[in-house]
Amino acid sequence: MITYLARRLAGVTGVLLAICAITFTIFYLLPADPAAAACGKTCSPERLAEVRHFMGLDQPVWRQFADYLVGIFAGRELGTEPHTLSCGFPCLGYSYENSLPVWELLTDRLPVSASLAFGAALMWLVLGLGAGITAALRKGTMTDRTLMIGAVATASLPVYFTAVMLLYGVVRVAGLLPYPEYVPLTADPAAWATNLILPWTALAVLYAAMYARQSRSSMIEAMAQPYIRTARAKGMPEPTVVVKHGLRSGLTPVLTIFGMDLGGLLAGAVITESIFGIPGVGRLFFDALQRSDQPVILGVTLLAAFFIVAANLIVDILYAFIDPRVRY
Amino acid sequence: MTKRMHVALAASLATSLVLGLGACSTGNDSGGETSDDGRGPGATGVIGGTPKKGGTLTVLSNQDFSHLDPARNWVMPNMDFGVRLLYRTLTTFKAAPGAEGSEIVPDLATDLGRPSEGGKVWTFTLKKGLKYEDGSPVKAQDIKYNVERSFSPDLTGGPDYAQQYLADTEGYQGPLKGKHLKSIEVPDDHTLVFHLKRPVAEFSYTVTLPTFSPVPESREKGVQYDLRPFSSGPYKIARYDRGKQMVLVRNKHWDPDTDSVRKAYPDKIVVKMGFKGGQIDDRIIASQGADASAVEWADMQPASVSKVLSNKETKKRLTAELTGCTDMLHLNTSRAPFDDPKVREAMQYAVDKDGQMTANGGPALNEVATAYLPPSLTGGNKSDVLRVEPGGDPAKAKKLLAEAGKPKGFKTTLTVSTGDKSRAEALQESLSRSGIEVKIQAVDPSVYYDTIGDTKNAPDMAISGWCPDYPSGSTFLPFIFDGRTIKEKGNQGNYAQFRDEEVMKRMDEIADMSDPTKANKAWIELDAQIMAKSPSVPLLWERKPLLAGSNIAGAFGHPMWTGQFDYAVIGLKNPDKSQG
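So the sequences go chain by chain: A and B. Per the numbering used here, the very first residue in the first sequence carries number 1; after that it's consecutive. Per the numbering used here, the very first residue in the second sequence carries number 1; after that it's consecutive.
There may be inaccurate statements among the hints.
Stated by the list, open to error - When the alpha-carbon atoms are kept at most 25 Å apart in a straight line, the in silico SDA-like pairs for lysine to any residue are as follows:
| # | chain 1 | residue 1 | chain 2 | residue 2 |
| --- | --- | --- | --- | --- |
| 1 | B | K577 | A | A174 |
| 2 | B | K421 | B | E403 |
| 3 | B | K421 | A | V164 |
| 4 | B | K177 | A | R172 |
| 5 | B | K489 | A | T23 |
| 6 | B | K577 | B | V271 |
| 7 | B | K312 | A | R172 |
| 8 | B | K315 | A | T23 |
| 9 | A | K41 | B | K312 |
| 10 | B | K505 | B | T517 |
| 11 | B | K276 | B | N62 |
| 12 | B | K276 | A | V164 |
| 13 | A | K41 | B | S446 |
| 14 | B | K315 | B | V305 |
| 15 | B | K307 | A | V164 |
| 16 | B | K197 | A | G175 |
| 17 | B | K489 | A | T80 |
| 18 | B | K489 | A | Y28 |
| 19 | B | K456 | B | K533 |
Stated by the list, open to error - Computed footprint of chain B on chain A, listed as stretches where at least three residues anywhere in the stretch have a Cβ under 8 Å from a Cβ of chain B:
| # | stretch |
| --- | --- |
| 20 | 42 to 49 |
| 21 | 79 to 88 |
| 22 | 286 to 292 |
Rather than coming from a laboratory, the hints here were simulated on the basis of the structure. Because the structure is a prediction, the values reported are computed rather than measured. Positions of the beta carbon are idealized from the N, C-alpha and C atoms, including for glycine.
Whole structure, please, built from the sequences with the hints as guidance.
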């Protein structure tokens, strides 16, 4: 297990390094010039050169990349004397558009995205697994067909459509809820939940449909296995057969996609956060794209990559606990 | 210059520039729709009557401020927010709709400045009793310090008039290394003397910019000063979460007796950021709860126009002041086919400006532009030297193209930001009438200006706008048509890459004029000369449509900040009804 973990961690580091290098290269090739953008609307060539020097953009790209990597592990000083900026560990660069280190911006927005991701995940797991398992256990019945038609229909609705329809129907026409405005959980738990119901629902509708279909097929496959027949033959109660034997192995493939989905959402649901005005990592990314704020774009990309590879690793480890047949 | 000369100069500037504004902004003079209650697109009066003191004003925004550090603040609505609420400048614009709003009055200074040496030296005296948010006095040194900060390479983005006008600034990189400018003298705590490179007749206007507001050296935080400017205005920052929310509360040390402009009606101002434009419109139209005491920051969406205009009550809560900016189609004069003035002239006739107006929200939000200088810089008159029909004149365009040796037209490329694709298609269609085949290249807004500002790879045509910083042609034509401003990369303003010796020589001559009336007339004449050379086709003069909640009073679009609400005097009808 330890060897396996070490091998996987090395792989994770390699993936993150590669993503960092690729993103850096893309920025280098793009026509956007962060120094010109920062410099303002009438920037003389001399002033532009000063700004470029201050931002370190006059250095060769390999040097900029090396400095960036060192900064992640050791922090670094940015800018030039006497205007230097201190960017502490882990330094993911400095957003000149926001006048803040990228790490600070990310950690500020992360709880918001986490609120959105975990709430939505809980909702889609309950709905999706509930529907999928019910459909699997009632395979071929009207319930099964109804649930699956519903799942196909909702899975084909893009989140930007569902979100706008929810806002229109629930807020504008029915007036059941106010327009969402994020309130921190610690400030007012009730307001936190009330304001997140719609974004949770918008995401959950999409994901639940996919989980319903995935869990249905997995469960049907699992319930057809010989060990299920054996358990039943031994006189084991049906709920135990379903939950202890069927669900454990049926859930393994669902867990794989769950890790990926949750990891991706933790790094920001760009469309959902933008539509509902939720100040999470996704909207930070959206704003950064609008303003060509390259350090933030790079930071969010790395964070997203980190969450996805980390979620993958955790899921792989969890396999061993869920499915006794898996060994490392 | 004697005091008498100065009074004459100031009066003359005010008359020539400001009175002229009247015609462009005193109501529905533009052909925009009118309504029986006198409001509607183009209406520029005050929404909601006179406010009462107290309550919380909410501002709903789709974005964060780019910069609030006064050395870096150079986006029109942001300047309005900064100089009206957080810091004061030596002079400022009156808080009034229409023509009156373009008049300047003393702010921190006791008067509009006293020029000498033919307008090369300007002296300002500070009022007594000016204080920061901690009660400490505002000193002349602090204004000098902020002007010096604007030279720092890390404090980017701000107005560059100090660099342009002040004498002996070459190589200066700000005060952090302990070096100070000799061209700003501070003989005592209340006196500032600016030494300029050349006479600047409208320097009283220049010092309305946030560069000329105070920052005490003890509060210097470099780039992080942007997160919390130290207040000399009526409000101070209680909380600022970048991209999320800003909360302003009263600066108890601000003395209204020293301030003839700001009324500071609300007790608290909350700016909520990051909402979708259409949702902001819907919230303010509905005006429920705190939204009744809210105004919108960014333009009302074109899709909301019909919802607002069809309802008498909401129509009363709309303002749509002219932005004072001109939207143009720039023709790349550095290479064929637009290196030929005849081809460029043909373009003036080939473009259907009515089509542009329709594609950009219709007559409620735009007017057809007939010159580069907006009406606010031409005495309120809409200059129209070429007298082209708004729908264009394809026959004349074809005739001119034939004279240019292109009887069958030509193929060309147009680069636009993705948001302007419908406008690009309207242009494509209108130019095809004259045999001009346009290939559209739509690029992401985040790289648009970098793309069209890369002179080597610049497209044949591009769309962009320009707004004056204060009512003078000097803040307009040189930025977009002076060939000396062209840069290989990051070229900004002169997207036509227009380099014309005659025009540049004339620009220098006008800049040296000490009589603002003559200078203003000369800018208008130069505008006509450039129109004849046609490096760009003026397309639209846009309006800024903004909605206010039903509990808002004292709201109007200020002509100097592209029609943004004037935050000096905005407030609530009933403060008890506000929340938060």
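### Message
When the structure is checked against the list of hints, which entries are broken? Sort them ascending.
### Response
Structure breaks hints 2, 4, 8, 9 and 16.
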